[in-house]
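Asker: Listed here are the chains, written in short residue letters.
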Amino acid sequence: DIVMTQGVLPNPVPSGESASITCRSSKSLVYKDGKTYLNWFLQRPGQSPQLLTYWMSTRASGVSDRFSGSGSGTYFTLKISRVRAEDAGVYYCQQVREYPLTFGSGTKLEIK
Amino acid sequence: EVQLVETGGGLVQPGRSLKLSCVASGFTFSSYWMYWIRQAPGKGLEWVSSINTDGGSTYYPDSVKGRFTISRDNAENTVYLQMNSLRSEDTATYYCAKGFAYWGQGTLVTVSS
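Residue numbers (my numbering), protein chains in the order written: chain X, 1 to 112; chain D, 1 to 113.
So the derived label-pair ranges between C-beta atoms look like this:
hint, chain 1, residue 1, chain 2, residue 2, range
1, X, Y31, D, Q13, 39 to 45 Å
2, D, L11, X, T5, 33 to 39 Å
3, D, P14, X, G62, 38 to 44 Å
4, X, S20, D, A75, 43 to 49 Å
5, X, S81, D, P14, 43 to 49 Å
Derived from the structure by calculation, the hints contain no laboratory data.
We treat Cβ as the ideally placed atom computed from N, Cα and C, and that holds for glycine.
Assemble the whole structure, with the sequences as input and the hints as a guide.
Answerer: Here is the structure:
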């Protein structure tokens, strides 16, 4: 199984600053079509998860351009620019390269 | 507007069965893969099952393989999760999702005697 390992944020992050969340996979997530099968989600307290980016760097519909995904085949970063109170919650990365699909353990973002 | 509404959760004894339903609206249901994902209280997300557009292909992690069965009724815009031989570790909020872009509000399953 592909193991997804997420980093920890130095919380809380001051409002208006940037935050970068890291995720590492135990195997390359690049498929033969050249796409990288990595999703990022945000789960706000008491809510269902929300898809932020897919194919590593493509923003989902309606997602602010303050969120940007980047990375290589095994190391990924979600950057949040000018953080706001509404960005608080737990961020998850997920690989959809192969079954079983696996999530990282989550990275909590707190805003000051 | 895409809507996914899960029902069927509740309190069930270990070893018993439960069937979850997820009714979809706002999109062409038969054109999309559907997924079940769960979240134990205070824990992270765990993928539980996938089903392709016609129901002919299904996938499960080892933790539920042989006990859970996903199915769909494209005429009724509904995806199901039949859960048998339930264990305490299956206690979680169960979400259905359309391609991971849209999620329902979840239904809580508690397995306890």
